[in-house]
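Enquirer: For the protein sequence lines, the chains are A and B, in the order given. So the first sequence is residues 555 to 711, counted in the working numbering. So the second sequence is residues 555 to 711, counted in the working numbering.
Everything labelled a hint here was simulated from the structure, so no lab data went into it. Some hints here could point you the wrong way.
With a Cα cut of at most 30 Å, we get these calculated DSS-like pairs of lysine-lysine [claimed, not checked]:
hint, chain 1, residue 1, chain 2, residue 2
1, A, K622, B, K648
2, A, K622, B, K657
3, B, K560, A, K560
4, A, K622, B, K582
5, A, K560, B, K582
6, A, K648, B, K657
7, A, K556, B, K560
8, B, K622, B, K556
9, B, K556, A, K582
10, A, K582, B, K648
11, B, K622, A, K657
12, A, K556, A, K622
13, B, K582, B, K648
Computed list of chain B residues with no C-beta within reach of chain A, every gap over 10 Å [said to hold, decoys possible]:
hint, residue
14, Q571
15, E572
16, K582
17, D594
18, R610
19, T614
20, E650
21, D669
The beta-carbon is built from N, C-alpha and C at its ideal position, and this holds for glycine as well.
Residues per chain are reported as follows:
Protein chains: 2
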Amino acid sequence: MKIQIKPIGYVARIDPQEDERDRSLVAKIVLEEALAPALDGIEEWSHIYVIFWLDRVDRTDPPVLHHKTGNGIFAARSPIHPNPIGLTLVEVLKRERHTLWIKGIDAYDGTPVLDLKPYPDWHGNLQVVTEFRIPAWLDEIIHGSVSGRVSNETTNN
Amino acid sequence: MKIQIKPIGYVARIDPQEDERDRSLVAKIVLEEALAPALDGIEEWSHIYVIFWLDRVDRTDPPVLHHKTGNGIFAARSPIHPNPIGLTLVEVLKRERHTLWIKGIDAYDGTPVLDLKPYPDWHGNLQVVTEFRIPAWLDEIIHGSVSGRVSNETTNN
Numbered sequence: 555m556k557i558q559i560k561p562i563g564y565v566a567r568i569d570p571q572e573d574e575r576d577r578s579l580v581a582k583i584v585l586e587e588a589l590a591p592a593l594d595g596i597e598e599w600s601h602i603y604v605i606f607w608l609d610r611v612d613r614t615d616p617p618v619l620h621h622k623t624g625n626g627i628f629a630a631r632s633p634i635h636p637n638p639i640g641l642t643l644v645e646v647l648k649r650e651r652h653t654l655w656i657k658g659i660d661a662y663d664g665t666p667v668l669d670l671k672p673y674p675d676w677h678g679n680l681q682v683v684t685e686f687r688i689p690a691w692l693d694e695i696i697h698g699s700v701s702g703r704v705s706n707e708t709t710n711n
Numbered sequence: 555m556k557i558q559i560k561p562i563g564y565v566a567r568i569d570p571q572e573d574e575r576d577r578s579l580v581a582k583i584v585l586e587e588a589l590a591p592a593l594d595g596i597e598e599w600s601h602i603y604v605i606f607w608l609d610r611v612d613r614t615d616p617p618v619l620h621h622k623t624g625n626g627i628f629a630a631r632s633p634i635h636p637n638p639i640g641l642t643l644v645e646v647l648k649r650e651r652h653t654l655w656i657k658g659i660d661a662y663d664g665t666p667v668l669d670l671k672p673y674p675d676w677h678g679n680l681q682v683v684t685e686f687r688i689p690a691w692l693d694e695i696i697h698g699s700v701s702g703r704v705s706n707e708t709t710n711n
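Only chain A is shown next, with the shape it has when bound in the complex (with noise of 0.2 Å):
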């Protein structure tokens, strides 16, 4: 099964120049002309999710399973995945027909822009989740952070 997927816009930063890794730099997201419509009501989310399309990615054949962490690729957020999509949430800042200033987003300038989807997400009550576990190696990576391991319940708030 092969699915054909088209770009609603892109990524313009700033400065095409600037780290894509900073998510303190703005960036605007453009959207085709005739998907403006689609943008309404969006600056009524401070949080949305951006997914993207991560093109400078080689794929390979077969695909790259293991991170150099030692951990599969889908047990990391290594860009290097069978599917190499991006997913990132960012803050909207300004919307002016159809583009979107937003903050936060490590995509390079001209990446294809897939999906946007309001952030939380909601199913009775938003999902919020603030209690959750993760690897020590991250935890190591982070040292100190002791927030959020406590258990692995889902908090709706």
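Could you slot chain B onto chain A? The hints should help.
Expert: Chain B only, in chain A's frame:
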């Protein structure tokens, strides 16, 4: 530009007749056998994002732009959007070779899965957003929920 994606596996419901919107239900993600090693270490996470393809959604041309609430489709969580990609945060229960038992997926039996990502994301710190703003219309639906509407500040725990 057209992007070709090959699913990494599919959602398998325990009972194909059950209500897929019931997030208390356990289901499986069955990956392609060759991808089994890519799950190594995933049980160290209590929660992961599942990115899937809503293959039963009809894509129209031109696409639907407004949700029945009057919002743009990017400002709501309708399954009907230009690229019918699903994004759900689920609990990880158990992994066995290329099969992952999870709780909380709102997808039909057989739904193609595109990617899995650990929760939460991190960049320096873990990205757990507990302060956010939601639209008044959603607040009314949830009625009585007052949490998380104070500011649009991102909290890093």
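Enquirer: Please write out, lowest number first, the hints stated earlier that are contradicted by the structure.
Expert: 6, 10, 17 and 21
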